[in-house]
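K.L.:
Construct all of the structure, not just a fragment, from the sequences and the given hints.
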Amino acid sequence: MDVDGGSTSSDSTRVRSIPIHSGQCKAFLSQFKQQSLPACKPVLTPAWVIATLLLLGFVFIPIGLVTLHASRGVLEIVDRYDADCVPEEFKGNKASYIKDTSVPKNCTRILKVHKYMKAPIYIYYQLDNYYQNHRRYVKSRSDQQLLHGLKYNDTSSCKPEESNNGLPVVPCGLIAWSLFNDTYTFIRGTAELRVNRKNIAWKSDRDHKFGKHVYPFNFQNGTLIGGGKLDPNIPLGDQEDLIVWMRTSALPSFRKIYGRIEEDLEADDVIVVHLMNNYNTYSFGGKKKLVISTSSWLGGRNDFLGVAYIFVGSSAIILSLVFLLLHVKNPRPYGDTAYLSWNRKGISS
Amino acid sequence: MQKSSRKKGKIRWSKLYSFSCFQPHTIDTVPAQDLIGKIGFSRVVFCNQPQLRKMKPYKYANNSISTTKYNVATFLPKALFEQFRRVANLYFLLAALLSFTSSPVKRETLIVPLVIVVGISMIKEAVEDWYRLLQDMNVNNRTVKAHAGNGIFVDKFWRELSVGDVVKVNKNEYFPSDLLLLSSSYEDGACYVETMNLDGETNLKIKRCLEATLGLNEDEEFNQFRATIRCEDPNPSLYTFVGNLEFQDQTHPLCPSQVLLRDSKLRNTDFVYGVVIFSGNDTKVVRNSTRAPSKRSQIERKMDKVIYLLFSVLLVISLITSIGSVLFMKSDMVQWWYLRLQDPEDPKPVKSGFQQFIRAFILYGYLIPISLYVSIEIVKVLQAMFINKDIEMYDQVTCKSVEARTSNLNEELGQVEILLSDKTGTLTCNQMEFRKCSIAGISYGGALNEVDLAASKRMNNDVEANRFSIENSGSTSQIFEMFEFSLADSSIQKAVLEDQEGLDFLNSGNSRISNVGKETVVKGFNFRDDRLMNNQWIYRSDLFNVTMFFIVMALCHTGIPVEGDETDKLKYEAESPEEVAFLIASQEFGFQFCQRTQSILVLKELDPSSGKKVKREYKLLHLLEFCSSRKRMSVVVSDEEGKIFLLCKGADSVIFDRLADNGRAYQQATTSHLSSYAEDGLRTLAFAYRRIDQADYEQWNSIFTKAKTTIGPERNELLEKASEMIEKDLILLGVAAVEDKLQKGVPECIDKLAQAGLKIWLLTGDKKETAINIGFACSLLQQDMRQFHIYLSEEAESNNQMKAMKEEILHQIESSYHVMCTDSDRSSPFALVVDGRALEIALHCDIKYKFLQLASNCASVICCRVSPKQKALITRSVKEHTGSTVLAIGDGANDVGMIQEADIGVGISGQEGMQAVMASDFSLPQFRFLERLLIVHGHWCYKRISKMVLYFVYKNIVLGLTLFYYELYTCFSGEVLYDAWYLTTFNVLLTSLPVISLGVFEQDVPSYVCLQPFTSKGKKIIFLLEPDRGLDIEWHGCILVIFLANMYILSPSAFMEKGYVADITHFGAIMYTCIIWTVNCQIALIITHFTWIQHLFIWGSIVLWYIFLLVYGALPPAYSDRGFQVITESIGSAPIYWMVTLLVVVVALLPCFIHIVIQRWFNPMDDHVIQEMKHCRKDITENQMWLREQRNSQKMTQIGFSARVEAKVSSFEEGLHRKKRSI
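Protein chains in written order, with numbering that gives the first Met the number 0: chain R, 0 to 348; chain L, 0 to 1222.
Treat the hints with caution; some may be incorrect.
What the hints assert, rightly or not - A partial selection of chain L residues facing chain R, derived with a Cβ cut-off under 10 Å: (1) Phe-74; (2) Asp-331; (3) Tyr-337; (4) Val-975; (5) Trp-980; (6) Thr-984; (7) Thr-1127.
As the list claims (entries may be wrong) - Straight-line alpha carbon distances no greater than 27 Å define the calculated DSSO-like cross-link-like pairs of lysine-lysine that follow: (8) Lys-847(L) - Lys-878(L); (9) Lys-1173(L) - Lys-32(R); (10) Lys-388(L) - Lys-286(R); (11) Lys-32(R) - Lys-388(L); (12) Lys-1173(L) - Lys-138(R); (13) Lys-264(L) - Lys-202(R); (14) Lys-347(L) - Lys-138(R); (15) Lys-1057(L) - Lys-197(R); (16) Lys-286(R) - Lys-111(R); (17) Lys-40(R) - Lys-25(R); (18) Lys-707(L) - Lys-158(R); (19) Lys-204(L) - Lys-167(L); (20) Lys-40(R) - Lys-388(L); (21) Lys-114(R) - Lys-25(R); (22) Lys-1173(L) - Lys-40(R); (23) Lys-1057(L) - Lys-114(R); (24) Lys-350(L) - Lys-264(L); (25) Lys-264(L) - Lys-847(L).
Hints were generated in silico from the structure; no laboratory data involved. Beta carbons are placed, not taken as given, at the ideal position from N, Cα and C, and that holds for glycine.
P.N.:
Structure representation (structure tokens):
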């Protein structure tokens, strides 16, 4: 092409005064300016398409199988208790039951372990139809206050729960105020299962977001009492229940970790759960569930990922077969000039 | 003083009249001079009396001009208004204002980009205006000699001149303003003016002063000079002027021939004196100019529509959000104690719904890509840079390259459908070349033209191709056909062989087509013929005729020799460049015209008998001047022996009418030569002579002298009669053909552009004959074309009756249209030639439509004698009528209006005047670069920008809709899933570079394939407003996949081995990762041309996201908010995160991938096929292919060189068929 000729001739005149490596640089620059840099121009030929789809299938199906296997290995016991734990006389008006402080809230659930569960076994509580992701709710906190305590005065973001009787609240905001406060104790046979409730929150939260020397103050002292109370003698950085709760969930149906059982559970073990059914989900029709689950390298039980992988992989293979068939039966010569628009017009007319 | 106050009163009185609007228009009936002092003719100029001009009604503006759009005070409001004419900017302003009330995102993220976008564009405007200011200053600071009193002339800046000043303009200087000519260096007060900048005409025009002022030809004379001019008010009409000069107590009427217009140039005259009549913005040329409009490309306009569309989507989803939130709030949200909605200070549902609407409006603003405008600006600037740097559009002669002066029209280049071109300086170099001549019935200078040669070459190829196909099929009929072809071939070759010049022609490569880059040795002389060159003509048998021919050429003219740089070769100056070409040619043939006095012409001529140069003197007895009605000029000379000759040259028809019976010996042969020259676009003049007896001469001389000395209106008539008497019984010598030399590469370029489907209109100020010549030379016209001429007959023109003229034009248009309709099945194309006066009428609103309909159905349109204003008017009408993109190209100040009016204005930067370039959007050093500019860069830029816009919309919809879908899960509360900084960096950092690389580096087909004529045909392939239906669904599917897959996979169970559950921060980060991957991989599917830059940008952007996450997460939580250690602590170590990314990207892109595959498979577009052809290296293995495809795709064009070749070939074949049948 003419471009090359032109550029090389102009280069050769200059090259003498310039070291060789900058000559290369010049060549590159001129290629760049003339938009003639070496380029790869992938073209989707049938071979490429079929090979890509096949490869996709052969990669995805094994991944899917492995994933599915891992997910199936996870054992989960889910127990919804919010409805059953309401005494018979309050069944018609659950909200009044939960609001009535004089009614005892304890409740007993019996869970059966179907298969051997290997420690650590995670205990979650699951809330449904609970909009922790509502904007009003999510905004209602003060990260600065959580870290610095009363030293930090500006808690306007915590509305409508920033102060009580003229005094600031630590931790302020709706999230903290509505802290989940059901408690569970697990008894296997006669002995109580030790539930480790340490290290359930992210380390970064404990170390960097919640102050080590910030103590709850004036918390849940108002006329309206939301959820759980906090021990004013323990700094926020150690109140892991709170830290977990403060990590607002993305969706209205969510689990939060409660603790860990660090003993294996055998098959056919019967576990008695004594729980305090304090938290009010009745007024808005939310559900409460207790979840006991082991975990795999993937996390909890979730077949969706594996199934999706297998599905995508197999559809890719089917597609590649379809294309292969098409290609064999009705090959389209690539780069055939007969397909150019003017030639085709000629054919049709 | 008394006198002047009376005048003042008069003027005032006249002003009163302007209130009476219903006063009948009397301009047509009242003689022009009577109008002076009335409305519109109230200007009074006191010459050389500076003290008088200070008073009010006579205080006229000074001579400075301004073409800037803004000044310091108006810049801000005007430029801002200009910016907020863009819908998107207006929207963003609205969003920024709303964000002050309540906003889900940080205010700065809305305001800062808007300020940047508007700021950048305004700076661009300011810089462009600054350059205009510099240009103005440059013009205003030119100097001219002006009278400063006491007969002394001093240098004065142009801007300081005021009305009434006396100025002295020297040779080759521009006139600083509109002047009244007082006197010149010539005794008769004539001067030559070049008006190229006004009307594009190259002929010099003669202006003559009044006899009364003839004496004012010395500096000292102006000491006492006092005069008053009363004339018309400033107006744009270039060819009219009405006024009176009151000088020495007499009143002299003035006419246009005493007026020297600004921007024209003094030629061939040493100096002139003049008085400034109109200055600065009052001058006719400035009045003729139009303000530079702001141009917007089609894509930009379409983008506005896309913005409207997205805006309505935005409104709808914002409305859904706000209504949803209100419904939720009213129904069950009251029960959600954890929100504490029952607090009294909380707003009412309606009010909160409204707030919610505004919030959603701002939040989903990501649907409307503000960064699109920034990115497009950046991309266009880079594209413009590449255009400027293109070495193939670099002119080594002038050392100039293409310059994209406004970058916002790059992609429009690929959309041009109609090309309006100026002639002089654009297509031609304003230089005449002597090319061919026919003397005594023999044509010299090559008999075959390029078309014949190309046709024979084509037929050779056909034979080759046929031979090839015969080998394959072996059918007998084809063998027969092949025989025919070879027959045709041999006949052509025989024709070539017969003519030795033809061979010479081939060998020297001296055809116009092939001698690109080869400069002729002598400027103005491009003639090769061994029979005449190098003094070989002395051996010709018809020596007398040849000698006479050369003598006519050397003597019959008005030129004068000037000293050339060489010693023995002279240079000439004459009224028209043709004459110069003739003089140079005669010098080359050995008849050097070397001196002219009042009555004697001196030739240095070659004596055929001795072979030596001798000096001969010819006595010039009379000179019968050339004028457009006579179409001929003659000289009566007597040679040294006292023999008297009349030498005459003129248009062939005029000469042929005046031939003597014995002078017609060569008429037939000459006529056939004439037509072949005309087809080549050469301008021809016939030469003839007549021997006059002494007695006849004496008799005629007395008549003529009498006529000459007559004073009064009958003088011209008498002169005419007298010349008729002598200009008869001529003996034809032959014809000479000069070529209005086309610029390098013009025919090829026009051919290519015609192949690409462009319509080419020629708009020129030149006269009709010249325009038609050039039409032929550029192959805009060809012999078998049906030409429609629309013009005003002379009587209609002289009557000046609007209605009659209109009817006449309308009749012509309708009859032409009728012919066109009834004849449309015939293959011969149509051409339209329109005269300027007729055009003016044809463009009146009621018949405009018909005219344009006719014009747009013609293959080529030539408009001659059009004024700058008309050029602009045509441009606008064509633009509005056809709705297609119009490109105007020109080089002079007379093209400025057209350049500004067109969708794209291109200026030729090679020539001296810079006005066209200053007004243009692109400037080219040469016309031929237009081909590459339009076909390569236009194609690329268009594809790039449209792909880019399409993708940009896609990526913002992906982001915006995931935000919306998330709202569905938060009761429309307005919560954002992503961290504010993720959103801010999305368009700025994480997805901007790949899209810019798409817009700057993408090449669907390489440049040389673009230049193949066929590729440019399929240029209108995609556009965003008409995307495939499937695409919307694909996009939507892709977004849903991203959203739902994440939701199902990550919720509600733990996503890490340690039992952690994903919360809103993890969810956001993971989903966002999927978006970044999908969006960047999608662009990899769109891009077809990967250099390492694209790879770096695309994959780099993805890597950048992770780097961003790392850096952002490492900041203290007060700054990093939701990003705090999100990748290091949580998602990075979760295998599920990476698996989700892989799955989502694949699933989201699979439909799009399949779509592309299916489209390529079953319904490939041209660029796909060409890519495949390149990929299979078919173009290398099959070298005939490009040629064949060219041929296949080539059937439609009607103009251009190849069309002529086509016509020639088919006429050949027809002839052969006929021959065969007769056998």
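K.L.:
Please go over all the hints and tell whether each is borne out by the structure.
P.N.:
Here's how the hints hold up against the structure:
The interface hint given for Phe-74(L) is broken, as the beta carbon of that residue sits about 34 Å from the closest beta carbon of chain R, more than 10 Å. Contact between Asp-331(L) and chain R, as hinted, is supported at the beta carbon level, the nearest pair being about 7 Å apart and thus within 10 Å. Given hint, Tyr-337(L) at the interface with chain R, holds; its Cβ is 4 Å from that chain's nearest Cβ, closer than 10 Å. The restraint placing Val-975(L) at the interface with chain R holds, with a minimum CB-CB distance near 8 Å, inside the 10 Å limit.
Checking Trp-980(L) against chain R by beta carbon gives a least distance of about 15 Å; that is not within 10 Å, so the hint is violated. Restraint check, Thr-984(L) versus chain R: the minimum CB separation of about 21 Å is more than 10 Å; hint violated. Against a cut-off of 10 Å between C-beta atoms, the interface hint on Thr-1127(L) holds, since the closest Cβ of chain R lies about 9 Å away. For the hint pairing Lys-847(L) with Lys-878(L), the CA-to-CA distance comes to about 13 Å; that is within 27 Å, so the pair holds.
Simply put, Lys-1173(L) and Lys-32(R) have alpha-carbon atoms about 23 Å apart, close enough for the 27 Å limit, and the pair holds. Of the pairs offered as hints, the one joining Lys-388(L) and Lys-286(R) is violated, with about 69 Å between alpha carbons and a cut-off of 27 Å exceeded. Between Lys-32(R) and Lys-388(L), the direct Cα distance comes to roughly 6 Å. Compliance with the 27 Å bound is thereby established for this hinted pair. Proximity of Lys-1173(L) to Lys-138(R) is assessed by CA-CA distance (about 58 Å); at most 27 Å being required, the pair is judged violated.
Between Lys-264(L) and Lys-202(R) the CA atoms are separated by roughly 86 Å; this puts the pair beyond 27 Å, and the hint is violated. Between Lys-347(L) and Lys-138(R) the CA atoms are separated by roughly 20 Å; this keeps the pair inside 27 Å, and the hint holds. Our distance criterion of 27 Å between C-alpha atoms is met by Lys-1057(L) and Lys-197(R), whose separation comes to about 13 Å. Our distance criterion of 27 Å between C-alpha atoms is met by Lys-286(R) and Lys-111(R), whose separation comes to about 21 Å.
Distance restraint check for Lys-40(R) and Lys-25(R): the Cα-Cα separation of roughly 24 Å lies within the 27 Å cut-off, and the hinted pair is therefore satisfied. Proposed proximity of Lys-707(L) and Lys-158(R) is contradicted: the alpha carbons are some 108 Å apart, above 27 Å. A C-alpha spacing of about 19 Å is found between Lys-204(L) and Lys-167(L), which places the hinted pair at or below 27 Å, so the restraint holds. Of the supplied pair hints, the one linking Lys-40(R) and Lys-388(L) holds, its CA atoms being roughly 24 Å apart against a limit of 27 Å.
Our distance criterion of 27 Å between C-alpha atoms is broken by Lys-114(R) and Lys-25(R), whose separation comes to about 72 Å. With a CA separation close to 9 Å, the supplied pair Lys-1173(L) and Lys-40(R) stays within the 27 Å bound. At most 27 Å may separate the alpha-carbon atoms for a hinted pair to count; Lys-1057(L) and Lys-114(R) meet this at roughly 20 Å. Of the supplied pair hints, the one linking Lys-350(L) and Lys-264(L) is violated, its CA atoms being roughly 73 Å apart against a limit of 27 Å.
The hinted pair formed by Lys-264(L) and Lys-847(L) fails the criterion: a straight-line CA distance of about 35 Å is larger than 27 Å.
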